[in-house]
Amino acid sequence: MRLPTLGKRGEGWVAGQILLIAAVFLSALVGRGWSSGYAVAAYTLGGTLFALGLLLLATAGLQLGTSLTPFPAPREDQQLTTTGAFALVRHPMYGGGILIALGWTIIFASVVGLGLTLVLALFLDLKARREEVWLSEGLDGYEAYQERTRRKLLPFVY
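When you line the sequence shown up against the working numbering, it's residues 5 to 162, in that order.
Incorrect hints may appear among the rest.
[Unchecked claim] Derived CB-CB ranges, DEER-like:
(1) R6 with V161: 21 to 31 Å
(2) G142 with I22: 20 to 30 Å
(3) A45 with A91: 26 to 36 Å
(4) Y162 with Q83: 20 to 30 Å
(5) M5 with A55: 31 to 41 Å
(6) G37 with R6: 20 to 30 Å
(7) R155 with Q83: 15 to 25 Å
It should be emphasised that the hints constitute simulated quantities derived from the structure, not laboratory data. Just so we're clear, the structure is a prediction, and the values are computed from it rather than from any experiment. All C-beta atoms, glycine included, are put in the ideal place defined by N, C-alpha and C.
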């Protein structure tokens, strides 16, 4: 299945991503909070996931350097990055964003946020699929990198 480009560089994918991320963060407003028996565990788990996601996202962003772009279409001068976070997963920034969103929704006990996080994860998976079509067409060695790096979004998971 070939996914739509949603713009020359994938602008529609970026717009959808921004809207979903904003919705996840706003979902904290309707979070019901944790009872005292679960609060410490929930805050610890949520905070840990949030921090790991932030670390993964920031590390990958720094590794990309000037190749960093929010658009799924690669830059004209983009180089293939295969080390560091990119040795673990092909789209570590998306995986980091999912962990941040999941941690956030756990901290605020937001069922709405959990649902939106699932939608965000599915959306980012589709965006990554579209991006990989462009990367395969535009970057030498990308298909071999896909074969070597089996995980797409989350290290050791998916």
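Q | Range hint compliance [Cβ, M5 to A55, 31 to 41 Å] | A | With a Cβ separation near 35 Å, M5 and A55 satisfy 31 to 41 Å, so the hint holds.
Q) Do the Cβ positions of Y162 and Q83 conform to the proposed distance bound of 20 to 30 Å? A) 25 Å, holds
**Q.** Assessment of proposed distance window 26 to 36 Å (beta carbons of A45, A91)
**A.** Holds: the Cβ-Cβ distance is about 32 Å, inside 26 to 36 Å.
Q.
The hint says 20 to 30 Å between G37 and R6; measuring C-beta to C-beta, is that right?
A. 44 Å, violated
Q: Given the range 21 to 31 Å, decide if the beta-carbon distance of R6 to V161 lies inside it.
A: 26 Å, holds
(Q) The hint says 20 to 30 Å between G142 and I22; measuring C-beta to C-beta, is that right? (A) Check passed, 24 Å falls within 20 to 30 Å.
Q. Using the C-beta atoms of R155 and Q83, is the stated range 15 to 25 Å upheld?
A. 21 Å, holds
Checked against the numbered hints given earlier, this structure breaks only hint 6.
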